[in-house]
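Okay, here's what each chain looks like letter by letter:
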Amino acid sequence: MDLFLQNIVNALQWGSFYALIALGYSMVYSILMLFNFAHGDIFMVGAYIGFGVATALLGFVAMTGIPLPGWLILILTIIITMFITSFVGIFIERVGYRPLREAPRASAAITGLMIGIILETGNLAILGARRLSFPQLIESTTYQFGGVYVTNKKILIVGVSLTLMFLLHRFIQKSKWGMAMRAMSFDFEAVPLMGISINRIAPLTFAIGSALAAAAGILYGLAYPVLDPYMGILLGWKAFVAAILGGRGSILGAALAGFMLGFIEIFAAWIFPSTLRDVIAYSIILLILTFRPHGFFGKAHSTQLRL
Amino acid sequence: MQLEIKNLQASYGKIKALHGIDFSIDRGEIVCIIGANGAGKSTTLRAISRLLPADSGSVMNFEGKNLLQYQPDKVVSELGISHVPEGRRLFGNLTVMENLKLATFARKDKDSIAKDTEQVFSIFPRLKERISQMAGTLSGGEQQMLAVGRAYMSGRKLMLLDEPSMGLAPLLMLSMFEALKGINREGTTILLVEQNARLALKFASRAYVLENGHMALEGPSEDLLHNPEVKKAYLGG
Chain A
0 MDLFLQNIVN
10 ALQWGSFYAL
20 IALGYSMVYS
30 ILMLFNFAHG
40 DIFMVGAYIG
50 FGVATALLGF
60 VAMTGIPLPG
70 WLILILTIII
80 TMFITSFVGI
90 FIERVGYRPL
100 REAPRASAAI
110 TGLMIGIILE
120 TGNLAILGAR
130 RLSFPQLIES
140 TTYQFGGVYV
150 TNKKILIVGV
160 SLTLMFLLHR
170 FIQKSKWGMA
180 MRAMSFDFEA
190 VPLMGISINR
200 IAPLTFAIGS
210 ALAAAAGILY
220 GLAYPVLDPY
230 MGILLGWKAF
240 VAAILGGRGS
250 ILGAALAGFM
260 LGFIEIFAAW
270 IFPSTLRDVI
280 AYSIILLILT
290 FRPHGFFGKA
300 HSTQLRL
Chain B
0 MQLEIKNLQA
10 SYGKIKALHG
20 IDFSIDRGEI
30 VCIIGANGAG
40 KSTTLRAISR
50 LLPADSGSVM
60 NFEGKNLLQY
70 QPDKVVSELG
80 ISHVPEGRRL
90 FGNLTVMENL
100 KLATFARKDK
110 DSIAKDTEQV
120 FSIFPRLKER
130 ISQMAGTLSG
140 GEQQMLAVGR
150 AYMSGRKLML
160 LDEPSMGLAP
170 LLMLSMFEAL
180 KGINREGTTI
190 LLVEQNARLA
200 LKFASRAYVL
210 ENGHMALEGP
220 SEDLLHNPEV
230 KKAYLGG
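Chains as they are written, first to last, in numbering that gives the first Met the number 0: chain A, 0 to 306; chain B, 0 to 236.
No lab work stands behind these hints: they were computed from the structure. Using N, Cα and C, we set each Cβ at its ideal position, and we do this for glycine too. There could be a bad hint or two in this list.
[As the list claims (entries may be wrong)] Calculated lysine-lysine pairs in the BS3-like style (CA-CA distance at most 27 Å, straight line):
id	chain 1	residue 1	chain 2	residue 2
1	B	K100	B	K114
2	A	K175	B	K114
3	B	K73	A	K175
4	B	K109	B	K127
5	A	K173	B	K201
6	A	K175	B	K127
7	B	K15	A	K175
8	B	K156	A	K175
9	B	K15	B	K100
10	B	K230	B	K201
11	B	K109	B	K180
12	B	K15	B	K73
13	B	K107	A	K173
14	B	K114	B	K127
15	B	K5	B	K109
16	B	K127	A	K173
17	B	K156	B	K109
18	A	K175	B	K201
19	A	K173	B	K114
20	A	K173	B	K73
21	A	K173	B	K5
[Claimed, not checked] If you want the footprint, here are the derived chain B segments under chain A, 3+ residues with CB under 8 Å:
id	segment
22	145-158
23	212-220
[Said to hold, decoys possible] Derived contacts from chain A toward chain B, CB cut-off under 7 Å, selection only:
id	residue
24	E101
25	R181
26	A182
27	F185
28	A189
29	P191
30	L192
31	M193
32	G194
33	S196
34	I200
35	L203
My request is simple: use the sequences and hints to build the entire structure.
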């Protein structure tokens, strides 16, 4: 029983990473009907920017002697990094995707892959092949509940993720920008007729998705402090699987499927030899998609009208 | 002259849909374009709201400004030209109120939005009853009301209407046209395209007849109603 609960805690942590990244895939898909295949690499870039911001903040503390507590540095790092990384998303939309808006979807997909390669190898060229170690901003503490061990970092990771998802939900449901995003997911072409520029909604969507991926990057760095330029590939693909599993374009589906992916992986590793974890986990998902090809919240056919 | 169109040409890929049409509208007028299916009526409206690029050589001026220099969203938000498109194109996943709110996205005169919303509800009281219902669940008549209400909220100098009678029962059709007359009396110029030529000619003061991407006829509606060719082709003899 304790082991079961322990696994749930771990699954929630991994689910948080997947869900935060999957949201970015789904948001962009819902409004532009394309998957941004560079998104996993935006997660990586976010982790590196987070590294830079955290290092700078620590340097600032050391230089000025202002005793900022670790948790405050962490929160500042998350906020500043999300802000900076959102511009990476805006830039990618502007340079990579906007010129191809009328092009076949396959071209946009390939663009995403190319941008991903550029981000990975660009990082390698600038920072070199050495792996960076993410600064540990807060001291690790382990709490014991019965036989279950929970670190403060795990609580933080799940807590920050859920908070961000809640804020995203509020934004999409309550703000006029969120309303425009929902409208755009329903009927792309009718949006300009409301006096709304698609060239304002699309960058905003990329910005939010990238900011969430950046948050995931920092949280990931807290749990697994080694950064390398290719860290976004596998995680990105897995989050993409979550976005598909949730139902293409469904925000709620992406979040839920992200957590579900975490659970399937962790429990596959618990029951079977851990080397078989992904083989088994993704066979299960393949099976689910065989029976639910549109995912959990996907529509059988798109309601999006295009002329 | 509020809207002046000269030599308007537009194409879908290599197929030319409009072969250089000319027409104009004065402020406060109600003008209709009638024509058969595929004559280019919707294409004309889509070209004016810039959803479809006009081919080179086309001239479109609205209140002295070159329409061709405006993006589709700016046609609405800066020039005040609203468009009720073919098929209404409501956001079915948004409520009635959200659809109306969305139409004011770019408006800077925040104070008058509440007043305009009330005005929409006084023109179409049915919408007020459905205020928090999803637009996709409305009946055809209610959807048309919402589409017009949305256009009213987004821009009101010129309203382009694509087949407002489509799919409406005769009684609803008449009350819809009454509502449009009311909006026109407040100062909105109306350009509508219709397959229902008889209704459109009774409603509009002037009319154009579009045939295969060419303007075939024009004149006061009264004259066209009694024109033998129009009678034969569009009014059922």
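Here is what the structure says about each hint:
no., hint, verdict
1, K100(B) to K114(B), "12 Å, holds"
2, K175(A) to K114(B), "19 Å, holds"
3, K73(B) to K175(A), "18 Å, holds"
4, K109(B) to K127(B), "20 Å, holds"
5, K173(A) to K201(B), "44 Å, violated"
6, K175(A) to K127(B), "20 Å, holds"
7, K15(B) to K175(A), "39 Å, violated"
8, K156(B) to K175(A), "24 Å, holds"
9, K15(B) to K100(B), "37 Å, violated"
10, K230(B) to K201(B), "13 Å, holds"
11, K109(B) to K180(B), "26 Å, holds"
12, K15(B) to K73(B), "26 Å, holds"
13, K107(B) to K173(A), "19 Å, holds"
14, K114(B) to K127(B), "14 Å, holds"
15, K5(B) to K109(B), "36 Å, violated"
16, K127(B) to K173(A), "20 Å, holds"
17, K156(B) to K109(B), "18 Å, holds"
18, K175(A) to K201(B), "40 Å, violated"
19, K173(A) to K114(B), "21 Å, holds"
20, K173(A) to K73(B), "25 Å, holds"
21, K173(A) to K5(B), "44 Å, violated"
22, 145-158, "holds (count 3)"
23, 212-220, "violated (count 0)"
24, E101, "11 Å, violated"
25, R181, "6 Å, holds"
26, A182, "4 Å, holds"
27, F185, "5 Å, holds"
28, A189, "4 Å, holds"
29, P191, "4 Å, holds"
30, L192, "5 Å, holds"
31, M193, "5 Å, holds"
32, G194, "4 Å, holds"
33, S196, "4 Å, holds"
34, I200, "10 Å, violated"
35, L203, "13 Å, violated"
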